[in-house]
Amino acid sequence: MIGKNHITLNTPINSLDDTLRITACKMYISIPSSTKQIIHVLDIEETLTCSIPDEAETVIFGIDSMHTVNTDFTDALDPIHGMFWTWNSGYINVKIEGISRKSIQNGNIFQIHLGGYLSPYSTAFSIRIPRKAPIRMEVDLGPSIQTVLKQYGGTVMSPGKAGHELMTILQRSITIVE
Amino acid sequence: MKNFLLIICSMFLLMSFISVKEEYFPKPHYPIADQNSPIVSLGRELFHDPILSKDSTISCASCHSQYNAFAHSDHALSHGIADRIGIRNAPALINLAWSESFMWDGASFSLEAQVLTPLTAHHEMDNSLDTILRRLNNHPKYSHLVQQAFGETPILTKHLLKAIASYESTLISRNSRYDSMRMHLVEFTEQEQKGYTLFKQHCNRCHTEPLFTNGQFANTALPMDTSLNDMGRYRITQDSAHIRHFKIPTLRNLLYSFPYMHDGRFKRLRDVLNHYAEGINMHDEHRSIEKPFTLRSHDITDLMSFLHALTDRTFIFNPQFSMRNAK
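If you read the protein sequences in the order shown, they are chains X and U.
Quick note on numbering: the first sequence equals residues 135 to 312 in this note's numbering.
Quick note on numbering: the second sequence equals residues 1331 to 1657 in this note's numbering.
Next up, chain X with everything else stripped away, as it sits in the complex (with noise of 0.2 Å):
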């Protein structure tokens, strides 16, 4: 979502006092478990849908940094998702990419890469979900694309200060909608 606006990648919407275009939106959701920690990658070209075991009373955006250190790099965490960090290995959480009137990168594309599983910049946040199925979440990235518009320039693509700061604001803006 951006404010009350669902997106559809690639098409026009009017938020923001500016009209944006979501070109990528793709996010890392990890589910504890009491045998092996489930994980998926949710991409809006694909689907932003996955199965979480009943017995799941929270789930983490993003990889932590134990799953980070000992990935195996199979599956969602393989690293052809393009989702690490090959500079600076780690996994990307949250990846969203787009284009704003607002930015001043080359061609007003704006690109916020959420990584980071080190101390005190680290990236992952669990949150508790409900017990009853099906539930969905809501991310209004609005918060999340202004302050990246209005203060970076346009694109935070490190794990780092900023990186935190952009992934806390992302926190604030989750709703659960049972």
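Please keep in mind that the hints were generated in silico from the structure rather than gathered at the bench.
Some hints here could point you the wrong way.
Straight-line C-alpha distance at most 30 Å; calculated DSBU-like pairs for lysine-lysine [to be verified]:
id: 1; chain 1: U; residue 1: K1488; chain 2: X; residue 2: K170
id: 2; chain 1: X; residue 1: K170; chain 2: U; residue 2: K1357
id: 3; chain 1: U; residue 1: K1384; chain 2: U; residue 2: K1471
id: 4; chain 1: U; residue 1: K1524; chain 2: U; residue 2: K1621
On a predicted model such as this, the values are computed, not experimentally measured, just so you know.
Following the hints, position chain U against chain X.
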């Protein structure tokens, strides 16, 4: 009976030799693969194959050649496809199984993750995983090698990374004159011994025996190269304590791994030692070295004599590491 005693004595000697050999080397951080395994054969093949680079012109071995102790001597900074020049000196690949982080800035947390960096970096191989995997899967030789190594096809990212990392884990150097001295097989010359004493006094804290690195990062107070403005580990941690800190490299096989330092600014070993004696940038508030080392000219000669004793020619010329001579 005599023969029996001889066998027992030989076994005892052999066992004590092995125990001494293992005693002075710490436990590796990464499992060392069997040099004769199909996974290592595959890794060796991939390491030497330009198919991994975007325009199929350079391989890992182009910048990490065995005769340079798996570093590169032609350029101060790494040389990628289309004559692109990188920002750092290609480091020597020696005893990586004992490392916990990789690259000059420690950007990679594992030997497998490290493989991805040069494959995709613009100024190195500039390729994408999609392209690499497609090429390998369309290549009959690799389908066969991957099947042999992993018992499955198609080749996936995990196979590619595991194979190269496994090969790299076998690049072990522990057969220098220093190692022979440690195993009581030889004694140092007077000059080597003097150099060793100086080494322990000045260098061992960072270039810790027997790996000759403590695996940490340091700012060696080099004058800043403003054309590169390389902030080192700070780029990774954003911690000001890491400004211009770079991985402390091993000193093993230094004779072969020139040029020296993260930006390859010194071609000669003597220049490096002169830096520590006279070149320390005392204005660098982030430096790890408090003050220049007190080294007279003959001290430097003695130190160099010791550093020469870290040369392991069986490593430089090990046929198992190279493609041409691989069994």
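Going through the hints against the structure:
1. Straight-line distance between C-alpha atoms of U/K1488 and X/K170 comes to about 19 Å, which keeps the hinted pair within the 30 Å bound.
2. For a cut-off of 30 Å, the pair hint linking X/K170 to U/K1357 stands: about 29 Å separates their Cα positions.
3. Restraint check for U/K1384 and U/K1471: the C-alpha separation of about 19 Å stays at or below 30 Å, so the hint holds.
4. Taking the CA atoms of U/K1524 and U/K1621, the gap is about 22 Å. The hint holds against a cut of 30 Å.
Consistency with the previously given hints is maintained throughout, with no hint failing.
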